[in-house]
Amino acid sequence: MKKLKNFRYISYRVFALGVCVLLFLLVLTVYQIVLLLQGEATLGAILLLVIVSNLFAGIFWWQIVIPYHRSEKVMKRFLDGYTLAEDKELSMSFLSPATHKELQRLEEILHSPQMFDLNKRQAQYLALQNQINPHFLYNTLESIRSEALIAGLESVADMTEALATFFRYTISKVENLVSVEEELENCKTYFRIQQYRFGNRLQLHIDYEEEEWQEIIHCRIPKLTLQPILENSIIHGTELKIGTGNLRIQFERTEKRLIIRISDDGIGMEEQTLLELNRRLRKDSSKVSYQQSETKGGIALANVNNRIHLIFGEEYGMHVYSIQGEGTDVEITIPAVMSDREIKNRGILQ
Amino acid sequence: MRKEVFRMERVTYKEQGITLLEDFNFNVLEGEIMGFIPFNSHGMASFLRLLKTNLPLDDGYIYYHEEIINSWKGAKQNSNRITVIQDKTCLVKGMTVADNIFVLRQGFKQHIIKPSVLNAQLEPFLKDIDMDLLGEAYAEKLTIFERVVVEILKGIVAGHKLIVLCEISTLISGNELKKLHKIMRHYAKQGHSFIYIGSHFEDIIQVCNRAVLLSNGRIEKILQPREMYVDNLFSLTKDYDKLVRGYLENKKAGSPKGKLVCKLYAEINSMKEPLEFVVISGECLVIQSLDNQIYHELLQILTNSRETAFYGNAWLGDKEFRLQELNTNRNFAVIQEMPTKTMLFTELSYMDNLCFNLDKRMRSVWARGNIRRSIRTEYAPILGDEVFNMTIEELSEGQKYQLVYTRILLQKPKIVFCIQPFKGADMKHRMYIWELLEKLLEKGIAVVILAVNLADTLSLADRLICIDKNKEQIEYLQEEFAALPMLAPWLYLYREDSV
Numbered sequence: 001m002k003k004l005k006n007f008r009y010i011s012y013r014v015f016a017l018g019v020c021v022l023l024f025l026l027v028l029t030v031y032q033i034v035l036l037l038q039g040e041a042t043l044g045a046i047l048l049l050v051i052v053s054n055l056f057a058g059i060f061w062w063q064i065v066i067p068y069h070r071s072e073k074v075m076k077r078f079l080d081g082y083t084l085a086e087d088k089e090l091s092m093s094f095l096s097p098a099t100h101k102e103l104q105r106l107e108e109i110l111h112s113p114q115m116f117d118l119n120k121r122q123a124q125y126l127a128l129q130n131q132i133n134p135h136f137l138y139n140t141l142e143s144i145r146s147e148a149l150i151a152g153l154e155s156v157a158d159m160t161e162a163l164a165t166f167f168r169y170t171i172s173k174v175e176n177l178v179s180v181e182e183e184l185e186n187c188k189t190y191f192r193i194q195q196y197r198f199g200n201r202l203q204l205h206i207d208y209e210e211e212e213w214q215e216i217i218h219c220r221i222p223k224l225t226l227q228p229i230l231e232n233s234i235i236h237g238t239e240l241k242i243g244t245g246n247l248r249i250q251f252e253r254t255e256k257r258l259i260i261r262i263s264d265d266g267i268g269m270e271e272q273t274l275l276e277l278n279r280r281l282r283k284d285s286s287k288v289s290y291q292q293s294e295t296k297g298g299i300a301l302a303n304v305n306n307r308i309h310l311i312f313g314e315e316y317g318m319h320v321y322s323i324q325g326e327g328t329d330v331e332i333t334i335p336a337v338m339s340d341r342e343i344k345n346r347g348i349l350q
Numbered sequence: 001m002r003k004e005v006f007r008m009e010r011v012t013y014k015e016q017g018i019t020l021l022e023d024f025n026f027n028v029l030e031g032e033i034m035g036f037i038p039f040n041s042h043g044m045a046s047f048l049r050l051l052k053t054n055l056p057l058d059d060g061y062i063y064y065h066e067e068i069i070n071s072w073k074g075a076k077q078n079s080n081r082i083t084v085i086q087d088k089t090c091l092v093k094g095m096t097v098a099d100n101i102f103v104l105r106q107g108f109k110q111h112i113i114k115p116s117v118l119n120a121q122l123e124p125f126l127k128d129i130d131m132d133l134l135g136e137a138y139a140e141k142l143t144i145f146e147r148v149v150v151e152i153l154k155g156i157v158a159g160h161k162l163i164v165l166c167e168i169s170t171l172i173s174g175n176e177l178k179k180l181h182k183i184m185r186h187y188a189k190q191g192h193s194f195i196y197i198g199s200h201f202e203d204i205i206q207v208c209n210r211a212v213l214l215s216n217g218r219i220e221k222i223l224q225p226r227e228m229y230v231d232n233l234f235s236l237t238k239d240y241d242k243l244v245r246g247y248l249e250n251k252k253a254g255s256p257k258g259k260l261v262c263k264l265y266a267e268i269n270s271m272k273e274p275l276e277f278v279v280i281s282g283e284c285l286v287i288q289s290l291d292n293q294i295y296h297e298l299l300q301i302l303t304n305s306r307e308t309a310f311y312g313n314a315w316l317g318d319k320e321f322r323l324q325e326l327n328t329n330r331n332f333a334v335i336q337e338m339p340t341k342t343m344l345f346t347e348l349s350y351m352d353n354l355c356f357n358l359d360k361r362m363r364s365v366w367a368r369g370n371i372r373r374s375i376r377t378e379y380a381p382i383l384g385d386e387v388f389n390m391t392i393e394e395l396s397e398g399q400k401y402q403l404v405y406t407r408i409l410l411q412k413p414k415i416v417f418c419i420q421p422f423k424g425a426d427m428k429h430r431m432y433i434w435e436l437l438e439k440l441l442e443k444g445i446a447v448v449i450l451a452v453n454l455a456d457t458l459s460l461a462d463r464l465i466c467i468d469k470n471k472e473q474i475e476y477l478q479e480e481f482a483a484l485p486m487l488a489p490w491l492y493l494y495r496e497d498s499v
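Line by line, the protein sequences give chains A and B. Using the numbering used here, read the first sequence as starting at 1 and increasing by one per residue. Using the numbering used here, read the second sequence as starting at 1 and increasing by one per residue.
What the hints contain is simulated information worked out from the structure, not anything from laboratory work. The reader is advised that the hints may include incorrect statements.
Stated by the list, open to error - Straight-line C-alpha distance at most 25 Å; calculated BS3-like pairs for lysine-lysine:
no. : chain 1 : residue 1 : chain 2 : residue 2
1   : B       : Lys259    : B       : Lys428
2   : B       : Lys242    : A       : Lys241
3   : A       : Lys256    : B       : Lys52
4   : A       : Lys256    : B       : Lys3
5   : B       : Lys263    : B       : Lys439
6   : A       : Lys344    : A       : Lys173
7   : A       : Lys73     : B       : Lys14
8   : A       : Lys76     : B       : Lys14
With the rest of the complex left out, here is chain B (with noise of 0.2 Å):
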């Protein structure tokens, strides 16, 4: 018989009269990995507090270990022993890996730390799971890998029974992606269970027993063990599978012929080869990174911050330019990781966001402000004319995705860099980012995308570059999609053409 590890009866939680979670009902057993997938990210961050706080509940009940620890009628203690690892970490920088799980533990009553003794006590797990990593490393020298598997030890050493993973696979490279399913189904096979929330079916699919799909706060679905197959989720995904493949059936009658936009090579330290790659003008080229530290040096490259030094150059036609000069040229645009927070400034307002990067373009745009009307009165009936009085904290997360795409359209570059564009957005967003970078490749921009997880990018692109640390880089053109090694998010496509 089972034990259950954790159940949500009927829970509906309201905040300033906004129900964000309704008849949420789920259990997770003993030993299971259960994933969940948002279609929209109503509710998750009251799901997640609602996990590791005791919030009043205005119905419905919360068990753990089969006990009540939470109802309607109040609850009888503040916090749960359930472990959550998002984007940002709880470790304390500044303490050694050693000290964040051991000394800082609930119940932990020892006044002389003896370091040797947390290190040989730390060894053990580690060792169990085949990880090496020092007990003396600091918390803030750990890669995102390193310290989500801390995080996951912290959790076990603590023991709580249940430790939940929020989007891990966007923090991670593929081959960490591997490693860490390894060590989750170490841990469950030890009796320990896993919420693992991710937004591709794809990847939940390798590493779960059972998925809940939900949607605007309310549970529309747990698949059982014997419905955890790719072809289960078509038809949930309805609209965005039918936008994707209108998408390739147009490209499939005239494939993107354009002229050659930009040459890049770029000599990075952890790859046994310099990275080289040509893209031409409106075609779709996707770099996948395999390992993390590659990825966090190309990073550097694109966003010119100098942490280490690096050599490459660009050639755009026949111009040659510095890589350290992509970000000061207009013909180059980047699109951050999580644009919405990172590339738009709160204290500007919607035109001056909108004409950030125009001055190159049109050189008296903050001069003039009939350049400004003019590109109000073309754009309003896009993005409509009310956005252009509202602040940027006002806007909806579709308008900022909008605002920051519609920028680098104004801004007119060759070749746009995107960093995981799909990274931290529900699937609404992801529908509306496809869109948006779709709108670029029309107009002939070319389109670099950098992503450590494939996500939705497969669906674009036209190349796909993997690069591996130490390893030769390797190029698959779209008809050899349906070949690739892995399973990706809208791989199917290219494999039942392939049939």
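With the rest of the complex left out, here is chain A (with noise of 0.2 Å):
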């Protein structure tokens, strides 16, 4: 009844048709073969008979089976919630012109600086939680500065100075890439706020190579990469923890990638958490990252991986390892590009 059910589809019929075809070649090769037997048929015959199935069938197999299945394959991870794949062979197999070019507007919608914009947006949503003008909140803060200097009052100076670098680089630097150095000075000027809450209960310490660290902090990585990390290494992970939390960002840079590593030594995750959060950041996690609560740490990590995706491409982005009572690392990997002028899909971010 299935099989019947599945005749509805074109590609059935197409891949039946073949294999009549097939069955009817292999039943006149072995009927010239009995006529052989008989000496009312030619060898020359058959062995032609023999060259055109195996060749249809190869032709057949090759040229239809296998990018048919290809192609079925990259639906359904993009039914699962996965990106579509860019790849040569992949445009191989589409079904027919129409087909391509719905797929094409597909991706192009997907790809589209509207799409990252919205991801990006969402991330300086995180930071602010509410939009406020810009100027207002700087000059508001440069007064509270100056109120505290001249009360003597330098940790609430030192802190609201902090507080306002922090916000005019996630508002206002209009960039979507930026250098790692700049980056890792924003995850600092961050870190220094939350060390007013937390004193020396808080650690932060940054790992490199020192032969490399000229060729990190050069590399271009998203707006926004670490901090939300940073964030959620602080409130899911070290603020639970009783005593001193220590954070770490190491960096390590290789021919073609640029790795970072993002650990805190932590409460960490359950492991059915960890499964559910890894799974998510393996597929295309915008719908679902709307609506996760935020109490779950797991939209600034979605958020991230969505952009490394659109920028760079499925094969680079994030991986998380916990175990329960131990920690949580989150490992990052992206392209290491020293200019915008070297990333594929440079017209998302415009």
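Take the two lone chains, each set in its own frame, and fit them into one complex as the hints suggest.
Take a look at the structure:
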């Protein structure tokens, strides 16, 4: 019954037709062999039939069945929530010009600056939670700082300055890609603010190989990649821990990749939560991330991961390792690019 | 800037709908020795297969030298230039070492092979690693250590930049392991990378730069160089740790002072002095062979294989036996290496396997069904009633271990010789074996463990005897374990006590 239902689809009919032709050629070959045994056919005719059958089977398999399966796999992944892969081989596997155009249009929408903007804006909202006129905010913060300095409250002045620097970077800096140096500076500013709250209970360590450092700091990464993860590590990791919490940002550079690892020795997460989180990160989580509650700590990670996917492709992204009670490591892998021109999908950044 | 030799990026691999690897994400850098500590064996075989061959992935990407070699979209080639060394050799028997290394190499095109040329080519490689080995030696004549080194050389000569060593520490002696570590470090300095799979963090920590902890086909954590210290793993092995601590505390309260059970005297060709020891009831004695040759000779004595002639006696109370009789006397029992594979008979039923050694204790066990029925009634609550209706193949690994050890319990020997009891077992099963061995000791049975690698044995041991080629045997009592000049699993418990 299921097989009959499948015949609603053209693909099944084409496949059945191919099998029928092959069977027909096979029967014909057997018939010719029988004739040969009776002395009524020539060996040449049989050989010709065998060659034609093999040729047909080969073409049918390599040119129709395999590309069709590849195209099906891509569609299935897309329906599962993955982004559409850009692959030359896949462009050879589309069913018809119309479906090809259809998919191209879909891809355009998914990889459009508007889509990217949506993700970026979400990151900004996460940092701000509401829209405040930036100039009004900076001026107010500057006034608070002045008042604090006059009153001799240096810590308040310092904190206000850090907050203003942080907002300036988060809201006013318009570039989509920034250098590691700038992003790291923003992390340090954010950490300075958090330290007023946690004091010595929170420590930040930055690890890198000395000889690689100059190449690392000039690498381009999406703006607000590190800070949301650092924030997550504090809120969901070390804040709930008794004793000193250690946060660590580790940079590693290979020939083609930049690997950033943000670790904490906080409370970690349950195996099932980790599994769900990594599954979510594997797929395009733009829809899911809106539905998640912020307390689950998934939005920031999903958002950063989405932007990495959109800019650099699906091969790059984020992975989370965690052991309950031991801490969490978030590993980000992105291509090591020194200039925005090196990015394949740079149209999205405009 | 370091080069990346191998990377698995969020790889998910399924076989027959079962997820064997999920979100597998790690990289190996040039010249790096990466340790792998699997807490259970789920997905490990698939992982090794994926390293060698590009099987269809469900998701993710695999890179070799930063070039994609396999992904969910498909693979460019079938096999990878990666050497995987396991307990089974990949060397061809009947061929010499030089032939195995050079002639069987991919791209070897000479039609006339001159052994002298090949041997001369091999010599600098052997000199480089200070290895005393002949190029003309046949593969089947090599010791396990030599075989492992030849396989490494084969990979190096073939230009494989990544070499995977799987559970090698259970195959070779402590001295050989040190040499192997030296060879690995030597090639790592030259830019070759290694994946070193082992069950014990103490073993991994001696040679690896980083370590991957995995369980159920998922990577739980990657330990960075700064995290490579023994204390770091305690929290991950909490349950096992608790078990052992409890056992040691109980033992401290009342250490075993049973009566003398057995005395053994054996002349071993490769030892300067004969091996001699006594063991009392309920005592666990570990004999660690630091040399593989001695280990094999001891193995022959215990398993009664007659490859070499040996002389020795055993005394059970006042009765004297020849060592050749060990295997036939039911007061002695031997649990062989990987018993789930070597001691179970798949064509026999569960009950037949269970009662296999019961004939001396209950002569009519095979004739009278009521004895077997009462055994079933007695043991069903412990073993589970369902196992009696299962075939051996249907049993889980844990149930197989339980069957082997319960068979020994039923036999009620005075002394049990266990050959590398923890070999090949993952963390979950190691805990299980540990509990089963503890049960034997509780029943007052003396346990003698023969090991090349201490593994978990130190957690049970009352005494340790280290034997080495042409050296005298050294005996350590439990109080002296803290001062052992080695890094072995569970040693920290004794060191904690001594502080």
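Hint check:
| no. | hint | verdict |
| --- | --- | --- |
| 1 | Lys259(B) x Lys428(B) | 34 Å, violated |
| 2 | Lys242(B) x Lys241(A) | 23 Å, holds |
| 3 | Lys256(A) x Lys52(B) | 24 Å, holds |
| 4 | Lys256(A) x Lys3(B) | 9 Å, holds |
| 5 | Lys263(B) x Lys439(B) | 22 Å, holds |
| 6 | Lys344(A) x Lys173(A) | 23 Å, holds |
| 7 | Lys73(A) x Lys14(B) | 15 Å, holds |
| 8 | Lys76(A) x Lys14(B) | 16 Å, holds |
Hint 1 from the list above is the single one not met by this structure.
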